[in-house]
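Student: Read off the chains here:
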Amino acid sequence: MKPFVLAATAGALFAIGLTLGGMTVPAKVIGFLDVSGAWDPQLAFVMAGAIIVYASLLRIIRRRAVPLLADRFHWPTVHAIDARLVGGAAIFGIGWGLSGYCPGPALVSLAGGAASAIVFVVAMIAGMVFARRLDHARG
Amino acid sequence: MVAIVHGLTGGALIGLASAMLLLVHGRIAGISGILGHAVDTDQGRTFRLGFLAGLVVTGAILAALQPSAFGAGVHSLPVLAFAGVLVGIGTTLGNGCTSGHGVCGISRWSPRSLVAVVTFMVTAALTVAIVGAHA
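Going line by line, the protein sequences match chains A and B. For the first sequence, the positions run -13 to 125 when our numbering is used. For the second sequence, the positions run 66 to 200 when our numbering is used.
Isolated chain A, as found in the complex (with noise of 0.2 Å):
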């Protein structure tokens, strides 16, 4: 119950983060990326607010040899720079300017951002599906 709860605490500190910094307007993200138009710089202080915490409590948490309710971290295994990475990292903006949802912002949107949230999140999880069936079918 512990790990739920504490997990549920934390999703909820990370909604009202970005509903507070503006993430679930889909135009003001759109603003933000809008650099040659009348560009909106509130999402850089989003990010640089975000940053500055995390990379400080990091720090501080690494010195640690296991995390409070788990046997180990989960760092990320993949290190390699590749096509698949950037085109994947292209294909995900490309969709993100189109739309001004990014996954966390759409997922906490989908009660107050009527109907184009909840389309938006549809398709998005039918993009992962689709996505990694192509890659369980590559092998």
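Calculated directly from the structure, the hints in this document are not laboratory data. Note that the Cβ used here is the ideal one computed from N, Cα and C, for glycine as well. Do not rely on the hints blindly, as some may be mistaken.
Pair ranges (Cβ atoms, derived) [unchecked claim]: (1) B/Ser141 / A/Leu55: 22 to 30 Å; (2) B/Pro143 / A/Val52: 41 to 49 Å; (3) B/Thr106 / A/Arg58: 13 to 21 Å.
Rough simulated footprint, nothing fancy, chain A against chain B, three-plus residues with beta-carbon under 8 Å [unchecked claim]: (4) 79 to 93; (5) 139 to 145.
Once you've looked at the hints, dock chain B against the given chain A.
Tutor: Below, chain B without anything else, positioned relative to chain A:
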């Protein structure tokens, strides 16, 4: 000024939540990965379902308290559906999105995440420049 304070405060909360997930569960707060592997049957399932529940339920509460903090999409629903499929495929191939690569990866100075972030920022900005910021 209000935008700067809201941005920094919102960002700080995102950083705090991500650090909490690392400290307690030993996990990277990458939303696309957490969602994409939500129902996998490994030992990470509890933290993934808990985190997703926290995100969605809190979103619903915030939407009831402060509806103006949420906006609808700028473009039509078919365009949003297409964009959603691209985000799903792209984050699966690229192993991450704005949170996993953008916040956690950059904070660790991961070369892979730096490349990913520069790439998706460029294609996102190009997309907005070509398609436009309005419907």
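Student: Each hint should be assessed against the structure and marked as holding or not.
Tutor: Taking the hints in turn, this is what the structure says about them:
For the hinted restraint 22 to 30 Å between B/Ser141 and A/Leu55, the CB-CB distance of approximately 44 Å leaves it violated. The hint said 41 to 49 Å for the Cβ distance between B/Pro143 and A/Val52, and at roughly 48 Å that hint holds. Between B/Thr106 and A/Arg58 the CB atoms are about 19 Å apart, so this pair conforms to the stated range of 13 to 21 Å. Check on the stretch 79 to 93 of chain B: 15 of its residues sit with their Cβ under 8 Å from a Cβ of chain A, so the three-residue criterion for coverage holds.
Coverage of the stretch 139 to 145 of chain B by chain A holds. Counting CB-CB distances below 8 Å, 5 residues qualify, and the rule asks for three or more.
Hint compliance for this structure: hint 1 is the single one not met.
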